[in-house]
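Asks: First to last, the protein sequences are chains A and B. Going by numbering that gives the first Met the number 0, the first residue of the first sequence is number 0, and it counts up by one from there. Going by numbering that gives the first Met the number 0, the first residue of the second sequence is number 0, and it counts up by one from there.
No wet-lab data here; the hints were simulated from the structure. What you are looking at is a predicted structure, and each value in this text was computed from that prediction instead of being measured. The beta carbon of each residue, even a glycine, is placed where N, CA and C say it ideally should be. Don't take each hint at face value.
Stated by the list, open to error - Okay, the calculated beta carbon distance ranges per label pair:
(1) LYS277(A) x LYS398(B): 39 to 47 Å
(2) GLY422(A) x SER334(B): 53 to 61 Å
(3) THR82(B) x LYS284(A): 32 to 40 Å
(4) GLU413(B) x GLY307(A): 51 to 59 Å
(5) ASP449(B) x GLU338(A): 55 to 63 Å
To be verified - Within a straight-line C-alpha distance of at most 16 Å, the following computed EDC-like cross-link-like pairs (lysine to aspartate or glutamate) qualify:
(6) LYS384(A) x GLU153(B)
(7) LYS146(B) x GLU148(A)
(8) LYS277(B) x GLU265(B)
(9) LYS146(A) x GLU265(B)
Claimed, not checked - Non-contacting residues of chain A with respect to chain B, defined by C-beta distances greater than 10 Å in every case (computed):
(10) ASP31
(11) ASP62
(12) PRO68
(13) ASN230
(14) SER234
(15) HIS292
(16) SER329
(17) GLU402
So the chains spell out like this:
Number of protein chains: 2
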Amino acid sequence: MVSIQELATFCKKKGFIYRNAEIYGGMAGFFDLGHLGVELNNNIKQELWKRFVQAREDVVGIDGSLMSPEIVFKASGHLESFTDIMLECSKCKKKIRADEIIEEETHIDAEGKSVDDILTIIKDNKLKCPSCGGGFKEPEHFNLMFKSEVGAKEGNLAYLRPETAQSIFTNFKLVYDNARMKLPFGIAQTGKAFRNEISPRDFLFRCREFEQFEIEFFCHPDKLNDCLGYNKIKSLEFNYFDGKKQKKAKISDLKASKWHAYWLAEFYRFFLELGLSKDKLRITKHNKEKLAHYAAACFDIEYKFPFGWKEIHGNADRKQFDLTQHSKLSKNDMSIFDEETKQKIVPYVASEPSQGIGRAFLAFMFDAYDDDKKRGNIVLHLHPKLAPVKVGVFPLVNKLDKEAKAVYDMLKDEFTCIYDRSGSVGRRYARADEAGVPFCCTIDFDSQKDKSITIRDKNSTKQVRVKISEIKETVRKLLEGEKLENVGKLVK
Amino acid sequence: MVSIQELATFCKKKGFIYRNAEIYGGMAGFFDLGHLGVELNNNIKQELWKRFVQAREDVVGIDGSLMSPEIVFKASGHLESFTDIMLECSKCKKKIRADEIIEEETHIDAEGKSVDDILTIIKDNKLKCPSCGGGFKEPEHFNLMFKSEVGAKEGNLAYLRPETAQSIFTNFKLVYDNARMKLPFGIAQTGKAFRNEISPRDFLFRCREFEQFEIEFFCHPDKLNDCLGYNKIKSLEFNYFDGKKQKKAKISDLKASKWHAYWLAEFYRFFLELGLSKDKLRITKHNKEKLAHYAAACFDIEYKFPFGWKEIHGNADRKQFDLTQHSKLSKNDMSIFDEETKQKIVPYVASEPSQGIGRAFLAFMFDAYDDDKKRGNIVLHLHPKLAPVKVGVFPLVNKLDKEAKAVYDMLKDEFTCIYDRSGSVGRRYARADEAGVPFCCTIDFDSQKDKSITIRDKNSTKQVRVKISEIKETVRKLLEGEKLENVGKLVK
């Protein structure tokens, strides 16, 4: 597998990812999407939205502000609990995340451990500052939220949200009423979130500004197992890591409510169907120490990156925590009257699928990247639905520019296309391979006679001859998965 | 026309717009999009992206971080110049934007005036605090950028961007090289921006957090008039306001470079083609005092809101200002070698179309809102491309639930649908009208016999009988603008 450094270099060269403000040396944890990156990113977000919001009767979307007043995060517990324990070297003043240095030096997993536990580990292992060998000051809690002041009056504090979830909770009653929903149902949101990580790292993996797609799926607290769709996914098989070893398991083996297991399975399927390798995916369960302050249980979907198995999707049972908290602090009753049971209840979040867009992006890129020695270029095997550009259009020689442009014009309103007339056709195929373009159309000298062009499939490099008049319909079929040999005559 | 207060109430009731953190009393200038609002907003953004990025060979997109280090905004001039002049009452400490109170009390347009001019106007007109009648302290410059600190070390300042444009400039060379562009070409971006307005107002019109779609269109500085598309738009007619009176004008009447005029016309057409009333649109030119610090000239497209003619689109000639500044401060040469002229040049931004998504949203909503006394309900005449929900599916009675669900399932993967089985069909049509649903399908007792359903057109309330097997194709045609009577037999 390609290393993270090689992938980052490739992503820069091809226009997927740049460091923010790179001309000024960048700012750690902030990235910009380039001309291909923005299309891939949008495709990931749109696939999630179409599948989990628009095509479902039981989920609606919202889109909340990124900044909210302090009281929201007081209620959610983030003001008090959304912290990492930080160590500061008393000599060189370097600041480090305690669990990171502990894991690096001792291989102890210290995520979620208390300040006292951290102190003990430091003493027992005689840990020193990795930069200068100095000792550490007392460990400190460092809040990960970015703070700002709103308005001209001082002291009006607001925070950039550390997760999209909270505006789903604060708007819960409005959405429930106005979208005329009935339990169980979900509210989804795509958008940016911010975490002032002490040490951002691993490229897109741990950023300070990132995007999420989250659903809060609300149920009657007594009906966490009333899930009609469960039977369809209960036999789904996957690699399961229990904290000690990895084994095969089925969804029905998980100790989780049916709704929780259902949503976990739906996202696992999302990754599989969009092409991630099954052997590089696994499901793990959080141990109690690692659970967020609001969660009763949490599963992750992990991907095998070159830097290890890492979370690309988190899926928590958030109980009634958030709605209860917001009821208390806002003095607005967030409970609802359930028509079916005639009970007044606070809805229970049986599942919160929390999907980092950047992490999905990274997993798709690693999985797609193929340094094809035979072809002599990199081939990006992205699923056609995710491919930033769907079709390349090439005139064999510049003399055929007019004819090729006409084909480009037929396609560009429906599909994202590139038009490329520079260099040999081989060079143009290579460039398209590297951008993950699934199909390329070449207009040649025969095109005028037989009113046809050649379509080349990136994966197989096979080519087929297709009538220009049928090109739009043909591309549509190919993008939907039709086999190349079924749309025209194979070229030898 | 409906008042802004009525529209805000309607937007809340139907699930278009909520105040952020409303359960806590909200935070001025921050709004959340509800379940219909998010779809309308996404449709506006997608229409812009498809039309001005994906379907064009000469524009590519990016998507930059919302937060950038201080140096970026030092270079762009925002740190020094992106300020409003603020007045503080020496008695009650109330803070007000100077130009706002001056306009309200004296009808003098003070936007862009200097501190000295403001002082003179205050003295001449004996202006006092509108709340308590107290006098004002010395006017102060108030910077509109939200500030935050990044990382665990203190003093590492970053700002939330006040416009999307800057990451287009900082990434200019990377995009130019990696997307293999040639002058003239544009780089586009959709995303959030933030301005700490002293007094946010007029609902979505002046917010502290908002979305923009911006293009920076780069030209050779000597070729601002080499615009092939100009001939197609030069005869376009519109209402023109010259600062004193409104008259009819053509694009070719504008004193602007051809590329600048071209892009202004393209966005004017965007609004027209998506249904805004021509008589509520006009183009104005900024006078010199109102120009932003980076601009040589600027046109606005204005919409006639109930609170007056207001900018919904700004279109500036930004010269070579930003690339020159970033070259200086970053010591990275932002000039390029132009193959055609064999010259090394700093590209010139002939046009920066700057489109506020919230302002477009507001204009589309005002224009679409129709309190139809005959029907007895509000009808939202949104263009089908913008409609949050494309199709409603109703069983005439609950007994037909299974049959109706089958139709819903056929449609939901391709179109955003709602399924509604509650209340009379008339009530359901009314609800759909209010959500701007262009077409509703009703499954009735005859459906089993004739394998057909009724499609009702929101605008005309006419109905047509259509075969279930052809429903998908029919809806597709209707959404593309086909007339109702051409897709089936009109029902009397």
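Asks: Quick one: work out the minimum CB distance from ASN230(A) to chain B and report holds if it exceeds 10 Å, violated otherwise.
Replies: It holds; ASN230(A) is separated from chain B by about 18 Å at its closest Cβ, greater than 10 Å.
Asks: Report holds if the minimum CB distance from HIS292(A) to chain B is greater than 10 Å, and violated otherwise.
Replies: Holds, since 20 Å exceeds 10 Å.
Asks: Does the Cβ distance between THR82(B) and LYS284(A) fall inside 32 to 40 Å?
Replies: Since the Cβ atoms of THR82(B) and LYS284(A) sit about 53 Å apart, the hinted range of 32 to 40 Å is violated.
Asks: Determine whether the non-interface label on PRO68(A) survives the test: each CB of chain B must be over 10 Å from its CB.
Replies: 5 Å, violated
Asks: Is it the case that ASP62(A) keeps its Cβ farther than 10 Å from each residue Cβ in chain B?
Replies: The claim breaks: ASP62(A) does not keep its Cβ more than 10 Å from every Cβ of chain B (closest is about 4 Å).
Asks: Next pair to validate is LYS384(A) with GLU153(B); report whether the Cα-Cα distance is within 16 Å.
Replies: 44 Å, violated
Asks: Take a quick look at whether LYS146(B) and GLU148(A) sit within 16 Å of each other, Cα to Cα.
Replies: 8 Å, holds
Asks: If we take the beta carbon of ASP31(A), is the closest beta carbon in chain B still more than 10 Å away?
Replies: Violated: least Cβ distance 4 Å, not greater than 10 Å.
Asks: Would the least Cβ to Cβ distance between SER234(A) and chain B come out above 10 Å?
Replies: Given that every Cβ of chain B is farther than 10 Å from that of SER234(A), nearest at about 23 Å, it holds.
Asks: Within 39 to 47 Å or not, the Cβ separation of LYS277(A) and LYS398(B)?
Replies: 44 Å, holds
Asks: The hint says 55 to 63 Å between ASP449(B) and GLU338(A); measuring C-beta to C-beta, is that right?
Replies: Distance hint for ASP449(B), GLU338(A) is violated at roughly 35 Å.
Asks: Classify the label on SER329(A) as holds or violated, using whether its beta-carbon is more than 10 Å from each beta-carbon of chain B.
Replies: 4 Å, violated
When each numbered hint is compared with the structure, violations occur for hints 2, 3, 4, 5, 6, 9, 10, 11, 12, 16.
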